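One-letter residues, chain by chain:
2 protein chains.
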Amino acid sequence: MQKSPDAIENLVKKLAKLPSVGTRSARRIALHLLSDKDLNMAPLEQALAFAKETVHACTLCGNLDVHDPCTICTHKHKDASKICVIQSVGDIWAMERTGFYDGHYHVIGGVLSALDGITPDKLNIKSLLNRLDNVTEIIMALGATVDGQATAHYIAEQIRTVKPDIQISRLAYGVPIGGEVEYLDDSTLATAMKSRANF
Amino acid sequence: MQKSPDAIENLVKKLAKLPSVGTRSARRIALHLLSDKDLNMAPLEQALAFAKETVHACTLCGNLDVHDPCTICTHKHKDASKICVIQSVGDIWAMERTGFYDGHYHVIGGVLSALDGITPDKLNIKSLLNRLDNVTEIIMALGATVDGQATAHYIAEQIRTVKPDIQISRLAYGVPIGGEVEYLDDSTLATAMKSRANF
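Line by line, the protein sequences are chains A and B. Positions in the first sequence are counted from 1; adding 703 to them yields my numbering. Positions in the second sequence are counted from 1; adding 703 to them yields my numbering.
These are computed hints drawn from the structure, not numbers from a lab. Because the structure is a prediction, the values reported are computed rather than measured. Take these hints with a grain of salt, some might be off.
Cβ-Cβ distance ranges computed for the label pairs, FRET-style [as the list claims (entries may be wrong)]: (1) B:Thr777 with A:Lys825: 48 to 56 Å; (2) B:Pro823 with A:Thr726: 57 to 65 Å; (3) A:Lys779 with B:Val849: 19 to 27 Å; (4) B:Lys829 with A:Gln749: 31 to 39 Å; (5) A:Thr757 with B:Lys829: 44 to 52 Å; (6) B:Asp739 with A:Leu742: 25 to 33 Å; (7) B:Leu832 with A:Thr757: 47 to 55 Å; (8) B:Pro746 with A:Thr822: 24 to 32 Å; (9) A:Ser784 with B:Gln749: 44 to 52 Å; (10) B:Leu832 with A:Glu712: 14 to 22 Å.
If we take Cβ atoms under 8 Å as the criterion, some of the chain B residues that face chain A in the derived model are [to be verified]: (11) Asp709; (12) Ile711; (13) Lys717; (14) Leu721; (15) Pro722; (16) Ser728; (17) Arg730; (18) Ile732; (19) Glu748; (20) Leu751; (21) Ala754; (22) Leu763; (23) Gly765; (24) Leu767; (25) Val769; (26) Val792.
Lysine to any residue pairs mimicking SDA-like chemistry, simulated, CA-CA at most 25 Å apart [stated by the list, open to error]: (27) B:Lys716 with A:Val769; (28) A:Lys716 with B:Thr774; (29) A:Lys740 with B:Ser723; (30) B:Lys866 with B:Thr839; (31) B:Lys825 with B:Leu835; (32) A:Lys785 with A:Ile828; (33) B:Lys716 with A:Thr864; (34) B:Lys716 with B:Asp741; (35) A:Lys825 with A:Lys866; (36) B:Lys779 with B:Asp739; (37) A:Lys785 with A:Glu840; (38) A:Lys740 with A:Ala719; (39) A:Lys740 with B:Thr839; (40) B:Lys740 with B:Phe753.
We put the CB at the ideal spot given by N, CA and C, even for glycine.
Construct the complete structure from the given sequences, taking the supplied hints into account.
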């Protein structure tokens, strides 16, 4: 039996590797793109190329942005005395959508995990410790998972060694246990940020 | 409040326009792509460019392929005396996956719809009527929707005007009412093809 030809099969495979896209959706997307290349495929290609060329990680906080330092780090209404420690850039987007937090961020890039071989030196913890001057509060906004909380404890310990008088808080209980920050609904996230407690 | 910058927002918007991708999935995909451009974004860009350059619609049947006429139209084990009339290329893929049908196809590109202004001249019906020499059977495999069946009746009428002795069949009942061919599970589709009845 003749299978669908290589270039299509290859595109479907690449699409199916994207998060939250299965093989069935990948086929639909490939067909959609190929059915009208000018209308459907060209704008996506341009958006990809444009984003690839212009978007970079902020050297201060790790956010993805067209500016470096990013628009949050240089924003005049963002309070530089607060740093919210989060796992990934998606968590910044989720937090910004709530509109409740007005401080800076620090993307550590993951959580400690013995199983996955994620040791402290693989996370952006050192860069966090280097930007604590003039910072009065660190807010831990890592997931309420075992690894997330272990990571928060480790980071808090490191911070207290360098700067013992800094206030360290965490998101309020209200984050569902086992859940990841990125996928919370906005109101739960806003509530959790509002009623944050000492760490 | 600072929103995520233009290039990212633009990419998210373009991704969210893809079928079966919502805004939330689009954000995840954009982050995934931007988090490692070499590993995640480059292969997708290449697959898109390669498919865009090499994949074209078959001038005979309308299938998408790197060859023209397509690999199905030129396949030596495909029976050219049977033509299966389907709505879109996705239906060919679904049909080929069942492995049950060994004939040719004809993509008409949609179904008649007064509401959407889809009149007979907007579908590839004329090209079907032009390739009926040496064809003994036409199998209607349009969706079991009102529009799909109306379209099948219209096409059957046109075919009988040109070539009254041709056998016209349809997929067996078994296609769920309201359902589209592309989304059927393989065994239902194979059964429906096997027990096809006269139209």
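(request) Hold the hint about Gly765 (chain B) up to the distance rule: shortest CB distance to chain A must be less than 8 Å. (result) violated (10 Å)
(message) Using the nearest Cβ pair, does Pro722 (chain B) come within less than 8 Å of chain A?
(response) Nearest chain A Cβ about 5 Å off; hint holds.
(message) Between the alpha carbons of Lys740 (chain A) and Thr839 (chain B), is the straight-line distance 25 Å or under?
(response) violated (35 Å)
(request) May I ask you to test the interface hint for Leu763 (chain B) with respect to chain A, counting a Cβ-Cβ separation under 8 Å as satisfied? (result) violated (15 Å)
(message) Using the nearest Cβ pair, does Glu748 (chain B) come within less than 8 Å of chain A?
(response) This interface hint holds because 6 Å falls under the 8 Å limit.
(request) Have a go at the Lys717 (chain B) hint: is there a Cβ in chain A nearer than 8 Å to its own Cβ? (result) holds (4 Å)
(request) Hint says 19 to 27 Å; check whether the CB-CB distance for Lys779 (chain A) and Val849 (chain B) agrees. (result) Violated - the Cβ-Cβ distance for Lys779 (chain A) and Val849 (chain B), about 60 Å, lies outside 19 to 27 Å.
(request) Identify whether the interface hint at Leu721 (chain B) stands, where standing means a beta carbon of chain A within less than 8 Å of its own. (result) Hint holds; Leu721 (chain B) Cβ to chain A Cβ min 5 Å, cut 8 Å.
(message) Under 8 Å is the threshold here; is the Cβ of Ile732 (chain B) close enough to any Cβ of chain A for the hint to stand?
(response) For Ile732 (chain B), the interface hint holds, since the closest Cβ of chain A sits about 5 Å away, which is under 8 Å.
(request) Would you check the hint for Lys740 (chain A) and Ala719 (chain A), treating anything up to 25 Å between C-alpha atoms as holding? (result) holds (19 Å)
(message) Hinted pair, alpha-carbon criterion (25 Å max): Lys785 (chain A), Ile828 (chain A). Please report holds or violated.
(response) Roughly 16 Å between the alpha carbons, so the hint for Lys785 (chain A) and Ile828 (chain A) holds.
(request) Verify the proposed pairing of Lys716 (chain B) with Val769 (chain A), using a straight-line Cα cut of 25 Å. (result) Given that 25 Å is the threshold and the Cα spacing comes to 17 Å, the pair holds.
Violated hints for the displayed structure, listed by number in ascending order: 2, 3, 10, 22, 23, 33, 36 and 39.
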